[in-house]
Amino acid sequence: MASTPSKSQILSLFRSLLRTARDFSDYNIREYTKRRTIDGFRHNRHVSDPSSIAAAYSDAESQLQIARRQVIVYSLYVPKLKSVMEIKHA
Amino acid sequence: MAAVSATSVTFGSSLKLLKSSQITGKASSLKMVTVGWTKSGFPSLRTSRFRVSCSAKPETVQKVCEIVKKQLALPAESELTPESKFAALGADSLDTVEIVMSLEEEFGISVEEESSQNITTVQEAADLIEKLVQKKSEA
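Sequence lines, in order, name chains A and B. Residue numbers in the first sequence follow the working numbering, run continuously in steps of one, and reach 120 at the last position. Residue numbers in the second sequence follow the working numbering, run continuously in steps of one, and reach 871 at the last position.
The shape of chain A in the complex, shown without the other chains (with noise of 0.2 angstroms):
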């Protein structure tokens, strides 16, 4: 495994998260958890030490983990009304 991540691995672990966001059935812990990777990946942008960046993206990747195992739990809760913001007004 490589000490410091690389751009495109940074940019492609940004992407799976917000991924595994859309799969969420509850529209609330979808939308947080897509504003929690921007804004997670956002604060971090300027972090120039490597051994941080390192630390920072493995935490990133154990979320992802967490998350897709939540995405499979909460599948099996599907609520039956949909929220009131998910309702598209004509």
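Since the hints were made in silico from the structure, they are not lab data. One should not assume that every hint holds.
[Said to hold, decoys possible] These stretches of chain B come out as covered by chain A in the derived footprint (C-beta under 8 angstroms, 3 or more residues): (1) 822 to 830; (2) 843 to 855.
[Stated by the list, open to error] Listed next, with one range per pair, are the computed distances between beta-carbon atoms: (3) A/Glu91 with B/Ser847: 19 to 25 angstroms; (4) A/Tyr62 with B/Lys868: 26 to 32 angstroms; (5) A/Ile96 with B/Lys863: 31 to 37 angstroms; (6) B/Gly822 with A/Asn74: 15 to 21 angstroms; (7) B/Lys789 with A/Arg99: 27 to 33 angstroms; (8) A/Tyr57 with B/Pro807: 25 to 31 angstroms; (9) A/Asp89 with B/Ser810: 20 to 26 angstroms; (10) B/Leu826 with A/Ile59: 20 to 26 angstroms.
[Said to hold, decoys possible] Selected chain A positions facing chain B (Cβ under 8 angstroms, derived; list incomplete): (11) Thr34; (12) Arg45; (13) Phe54; (14) Ile68; (15) Arg72; (16) Asn74; (17) Arg99; (18) Val103; (19) Tyr104; (20) Leu106.
Note that the Cβ used here is the ideal one computed from N, Cα and C, for glycine as well.
Could you slot chain B onto chain A? The hints should help.
For chain B alone, kept in the frame of chain A given last:
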């Protein structure tokens, strides 16, 4: 009666033209052909097919521009040509990924990793979207 048979003849020819244009993969030419067949003669059908360029539909480009504007929080009257690069508009790589994700959601497509890293302008995004939407409708 004669008029009815004449229109059925032109309809048959436009069907052939539609099939051949589907093979070449230019979906936007379909629109041109169905407008063309109500006019008289075959030459107009053929010239309308050749007039179609390989760029994306203007509605697609328009939607892409709107999504880019919303993502980068650009003012509504800012100039957004199909050739404008995302980097020139103030987008960094994270913004580009977010734009590609919103485009995926908007058009219901799935963009590959490599393709998403090559998108730098509005026109490229629109072309890629067109290709994927067409592949999806053929599948």
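Results for each hint:
1. Chain A is given as covering the stretch 822 to 830 of chain B, and this holds because 5 residues of the stretch bring a CB closer than 8 angstroms to a CB of that chain, at least three being needed.
2. Interface restraint, the stretch 843 to 855 of chain B with chain A: holds (3 residues with C-beta to C-beta distance below 8 angstroms; minimum three).
3. At about 24 angstroms, the CB distance of glutamate 91 of chain A to serine 847 of chain B agrees with the hint of 19 to 25 angstroms.
4. Separation of tyrosine 62 of chain A from lysine 868 of chain B is about 30 angstroms and conforms to the stated range, judged on CB atoms against 26 to 32 angstroms.
5. The hinted range of 31 to 37 angstroms is satisfied by isoleucine 96 of chain A and lysine 863 of chain B, whose Cβ atoms lie roughly 35 angstroms apart.
6. Checked against the hint of 15 to 21 angstroms, the pair glycine 822 of chain B and asparagine 74 of chain A passes, with Cβ atoms roughly 20 angstroms apart.
7. Between lysine 789 of chain B and arginine 99 of chain A the CB atoms are about 41 angstroms apart, so this pair departs from the stated range of 27 to 33 angstroms.
8. The given range of 25 to 31 angstroms is respected by tyrosine 57 of chain A and proline 807 of chain B, whose C-beta atoms sit roughly 30 angstroms from each other.
9. For aspartate 89 of chain A and serine 810 of chain B, the Cβ-Cβ distance of about 37 angstroms falls outside the hinted range of 20 to 26 angstroms, so the restraint is violated.
10. Separated by about 22 angstroms at the C-beta atoms, leucine 826 of chain B and isoleucine 59 of chain A satisfy the suggested range of 20 to 26 angstroms.
11. Taking 8 angstroms as the C-beta contact cut-off toward chain B, the hint placing threonine 34 of chain A at the interface is violated, the least distance being around 16 angstroms.
12. Look at arginine 45 of chain A: its Cβ gets to within about 6 angstroms of chain B, closer than 8 angstroms, so that hint holds up.
13. Interface restraint check: phenylalanine 54 of chain A against chain B, minimum CB-CB distance 14 angstroms, threshold 8 angstroms, status violated.
14. At its closest, the beta carbon of isoleucine 68 of chain A sits 7 angstroms from a beta carbon of chain B; the interface hint therefore holds under the 8 angstroms criterion.
15. Interface hint at arginine 72 of chain A: satisfied, since its Cβ lies 6 angstroms from the closest Cβ of chain B, which is below the 8 angstroms cut-off.
16. Evaluation of the asparagine 74 of chain A hint against chain B yields a violated restraint, the C-beta minimum of about 10 angstroms exceeding 8 angstroms.
17. Among the interface hints, the one on arginine 99 of chain A is violated; its C-beta lies about 22 angstroms from the nearest C-beta in chain B, farther than the 8 angstroms criterion.
18. Checking valine 103 of chain A against chain B: minimum C-beta separation of about 23 angstroms lies over 8 angstroms; hint violated.
19. The criterion of a C-beta within 8 angstroms of any C-beta in chain B is not met by tyrosine 104 of chain A, whose closest approach is roughly 19 angstroms, and the hint is violated.
20. Given the 8 angstroms rule on beta carbons, the hint for leucine 106 of chain A is violated: about 24 angstroms separates it from the nearest Cβ of chain B.
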